[in-house]
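> Take the sequences, apply the hints, and build the full model.
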Amino acid sequence: MGILLDKATDVVVQGATGKEGKRVVAAMRAYGTRVSCGVTPGKGGTVSDDLPVFSDVRAACAAFPALNASVIVVPPFAAKEAILEAIEAGIPLISVMTERMPMRDAAYCFATAKEHGIRIIGPASLGIIVPGVGRLGVIGGPLVDEIFTPGSVGVISRSGGMTNELSWSVRQAGLGQSAAVHVGGDSLLGTSYADALRLFEADPETEAVVVYGEQGGACEFEIASLVRKGQFTKPIAVHVGGDFAKALPEGAVVGHAGAIVRRGQSAADKAKVLSESGVLVAERFDDLVQSVKPLISHAHHDTHLAHHQGR
Amino acid sequence: MNLYEHEGKDLLASFGIRVPKGTLVRRAEADAIVNDGPCVAKAQALASDRAKRGGIAVCASAAEARAAAARWLDGGMDCLDVDAVLIEEKIPAVRELYVACLQDTGARGPVLLAGTVGGSGIESSGQVLRFPLDAKVPAAFSASLHRGLEAVAPGFAAFCRSLVEAFQTSDARQIEINPVAVLTDGAFVALDAKIALDVDAAFRHPEWEAYGQRTESGKALTPRELAVRSIDAGARWYQGTAGKYREMDGDVAVLFSGGGASIVIMDELAHHGLAAANYTEYSGNPPREKVRDLARIVLSKPGLRGLLIAGGVANFTDIKETFAGIVDALDETQPPYPIVIRRAGPNEKEGMELMRACAERNGLRMALHGKETTMRDAVGQLEKMMQSYGHPA
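Line order of the protein sequences matches chains D and A. Mapping to my numbering: the first sequence position 36 is 36, numbers consecutive. Adding 1000 to a residue's 1-based position in the second sequence gives its number in my numbering.
Hints are not guaranteed to be accurate.
Unchecked claim - Capping the alpha-carbon separation at 30 Å, the derived lysine-lysine pairs in DSS-like fashion look like this:
hint : chain 1 : residue 1 : chain 2 : residue 2
1    : A       : K1219     : D       : K246
2    : D       : K229      : D       : K114
3    : A       : K1052     : A       : K1090
4    : A       : K1320     : D       : K22
5    : A       : K1301     : A       : K1194
6    : A       : K1194     : A       : K1052
7    : A       : K1384     : D       : K246
8    : D       : K19       : A       : K1371
9    : D       : K43       : D       : K7
10   : A       : K1371     : A       : K1384
11   : A       : K1052     : D       : K246
12   : A       : K1320     : A       : K1371
13   : D       : K246      : A       : K1194
14   : D       : K293      : A       : K1090
15   : D       : K246      : D       : K272
16   : D       : K7        : D       : K234
17   : A       : K1320     : A       : K1349
18   : A       : K1052     : D       : K272
19   : D       : K22       : A       : K1371
20   : A       : K1052     : A       : K1219
21   : A       : K1349     : D       : K19
22   : A       : K1371     : D       : K246
23   : A       : K1320     : A       : K1301
24   : A       : K1194     : A       : K1090
25   : A       : K1349     : A       : K1371
26   : A       : K1219     : A       : K1320
27   : A       : K1219     : A       : K1021
28   : D       : K22       : A       : K1349
29   : D       : K19       : A       : K1320
30   : A       : K1301     : A       : K1090
31   : D       : K114      : A       : K1136
32   : D       : K272      : D       : K229
33   : A       : K1301     : D       : K246
Quick caveat, the hints were computed from the structure, so don't treat them as lab data.
Below is the structure:
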């Protein structure tokens, strides 16, 4: 089952004819996700790697009425316009890969999406994967079949690379993933940890969730408050990276744009709040999956699935 | 990018916000301070708690201001270099308020914070009102917000609207004015200005070039930290990021890829008792040239005893392309110290082969690992290799 995606997911890629756009289209198709068309302003009517290209999302939707997801791979200065176009065309799920999008533009798009009941993942997100079903974006890259296999563990990460690394730990522990979501590393997120956790809470396939978090910013505190309020009830383990940053001056950014060193937002501060709220906290990244494994009743089932699926 | 107080005040003034009359003095001009009467001298440093750290002096005369300025310009402020001092008129406030506008994670957009008192520590005191703004038109205050601000002080809503205009138009991440002085006639004056700009919006703000290079703490950049900043400039600025380099005190050079992996591996270095010579991370599939320029700078630091090239399982960063850039730099420097590599992702076979060939032709001590080796174990191996390497001659 998984979250957000299913076999009927039908994708338009905005920015499909660029170098990165072409790789994104190929990656999704290679994983069996339907990509019906691309959009690049001014290139309507052309065909790129067997993909019909339109000049705007509205025209794409007219030709492919089943389109229900967009992946955005445009430069940062064009991201706001591209997202608004997808919103206006009524695409209900928009995954924004664009990195370094201005915060003012992201905030504007989130507000508009909210008015229309549309979900945005990102920006600066590599997307979401539901193993065996499909992927929106490029999570897993070419090694997707080595890393991902259907199972019962939900994966959430602020880092694209660590989405894979964590999913790989899940796989090495003999488990599989119900879905993996890269929420993105910016300060403003269309889909927060808490939003992703609500989706995993409602998903019957998901038995437990593992989260890669970081020092700086406030997103990890949302996990604690969700768990305290009883809105997330499944086993959950978090690792908060960036303990070394406690030695750096306030305002320093380490890694992602949202990972800004601030008093009260260190890795230790977050670990403490999470732990006090009943969240399992792994002090070292390598221990993250092992800390929830004993709580997963289907662990054996996952191993079995992984063995037989061969992917 | 954080602005100095004087830059922030100039920005606020351009949006019609009143700031104290002042003069900015640099080293050569410090002797020329001629304020006739009481004034406030303020060291221009990018630090919070300047008052506690001895960076603000209320002066009775120009002589006192000259003395304070000379002290900071020659000796710095609490270990920070000071290049300029702001000498301002003393404002007779009947009351002080707090106001800030910032992009807020929980609200997913701008919020306005307002406090009925100003001063140090107010932002974390719980005495601050928090109002989410409409991200589409933040300066169009709702009726209830307008009433709330007018209840703080008559006319405060209009003042806050100017602040929000400045915030929005300038692509700020945060503007904080603490304190805002209320004068006897009810006018508002920004006594301080703490502004952080969203660097991702730099493409539409050519005027920001005038602000010059700086670190977040105001500590001067090292020559390498300065050199790395040109990497992500130019026409290909948005094609990946390879311009992050923070000099640190250790002897392990690092070339990490991925924001998340980089901090996990930094933590692992500490767990193994190793100390990084730098913090560096490239990501977003940067081209070979960018990675080469970055690697050259990382390897140029004296006193290195090990090199760790590591990242997670890449999604779309091309291992062959990025490793080709590192190989260019390794061919030039031929480091004698041990090198451990841990990486996986697109074109990893080709990338690893480039590294292997580079090690062979240059006689490098290099260990190569894919995703089967954890980041922790890769760091463990570097620790062992460095133990047998000994100290540089």
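> Now look at each hint and say whether the structure bears it out.
Outcome of the hint check:
1. Of the supplied pair hints, the one linking K1219/A and K246/D holds, its CA atoms being roughly 17 Å apart against a limit of 30 Å.
2. Taking the CA atoms of K229/D and K114/D, the gap is near 23 Å; set against the 30 Å cutoff, the hint holds.
3. Proposed proximity of K1052/A and K1090/A is supported: the alpha carbons are some 19 Å apart, at most 30 Å.
4. Taking the CA atoms of K1320/A and K22/D, the gap is near 18 Å; set against the 30 Å cutoff, the hint holds.
5. Our distance criterion of 30 Å between C-alpha atoms is broken by K1301/A and K1194/A, whose separation comes to about 34 Å.
6. The straight-line distance between the Cα atoms of K1194/A and K1052/A is roughly 16 Å, inside the 30 Å bound, and the hint therefore holds.
7. The straight-line distance between the Cα atoms of K1384/A and K246/D is roughly 26 Å, inside the 30 Å bound, and the hint therefore holds.
8. For the hint pairing K19/D with K1371/A, the CA-to-CA distance comes to about 26 Å; that is within 30 Å, so the pair holds.
9. The straight-line distance between the Cα atoms of K43/D and K7/D is roughly 29 Å, inside the 30 Å bound, and the hint therefore holds.
10. The suggested pairing of K1371/A with K1384/A holds, with an alpha-carbon distance near 20 Å, which does not exceed 30 Å.
11. With a CA separation close to 21 Å, the supplied pair K1052/A and K246/D stays within the 30 Å bound.
12. Note on K1320/A and K1371/A: the hinted pairing holds, with a Cα-Cα distance of about 16 Å set against a maximum of 30 Å.
13. Between K246/D and K1194/A, the direct Cα distance comes to roughly 22 Å. Compliance with the 30 Å bound is thereby established for this hinted pair.
14. Distance check on the hinted pair: K293/D and K1090/A sit about 64 Å apart at the alpha-carbon level, beyond 30 Å; violated.
15. With a C-alpha separation of about 15 Å, the suggested pair K246/D and K272/D falls inside the 30 Å cut-off, and the hint holds.
16. Restraint check for K7/D and K234/D: the C-alpha separation of about 26 Å stays at or below 30 Å, so the hint holds.
17. For the proposed pair K1320/A and K1349/A, the alpha carbon gap of about 8 Å is at most 30 Å, so the pair holds.
18. Under the criterion of a C-alpha separation no larger than 30 Å, the hint pairing K1052/A with K272/D is consistent with the structure, at around 29 Å.
19. Only pairs whose Cα atoms come within 30 Å are accepted, and K22/D paired with K1371/A is accepted, the gap being roughly 26 Å.
20. This hinted pair checks out: K1052/A and K1219/A have alpha carbons roughly 18 Å apart, not beyond 30 Å.
21. The straight-line distance between the Cα atoms of K1349/A and K19/D is roughly 21 Å, inside the 30 Å bound, and the hint therefore holds.
22. Distance hint between K1371/A and K246/D is fulfilled; the C-alpha atoms sit about 28 Å from each other, no more than 30 Å.
23. In summary, the hint linking K1320/A to K1301/A is supported, as the alpha carbons are separated by about 25 Å, within the 30 Å threshold.
24. This hinted pair checks out: K1194/A and K1090/A have alpha carbons roughly 19 Å apart, not beyond 30 Å.
25. Distance check on the hinted pair: K1349/A and K1371/A sit about 12 Å apart at the alpha-carbon level, within 30 Å; holds.
26. Proposed proximity of K1219/A and K1320/A is contradicted: the alpha carbons are some 36 Å apart, above 30 Å.
27. Between the alpha carbons of K1219/A and K1021/A the distance comes to roughly 27 Å, so the proposed pair stays at or under 30 Å and holds.
28. Pair hint K22/D plus K1349/A holds up; C-alpha atoms about 22 Å apart against a cutoff of 30 Å.
29. Only pairs whose Cα atoms come within 30 Å are accepted, and K19/D paired with K1320/A is accepted, the gap being roughly 16 Å.
30. Proximity of K1301/A to K1090/A is assessed by CA-CA distance (about 47 Å); at most 30 Å being required, the pair is judged violated.
31. Among the hinted pairs, K114/D with K1136/A is consistent with the structure: their alpha-carbon atoms are about 12 Å apart, no more than 30 Å.
32. This hinted pair checks out: K272/D and K229/D have alpha carbons roughly 17 Å apart, not beyond 30 Å.
33. Under the criterion of a C-alpha separation no larger than 30 Å, the hint pairing K1301/A with K246/D is consistent with the structure, at around 24 Å.
This entry does not satisfy hints 5, 14, 26 and 30, going by the numbered hints stated previously.
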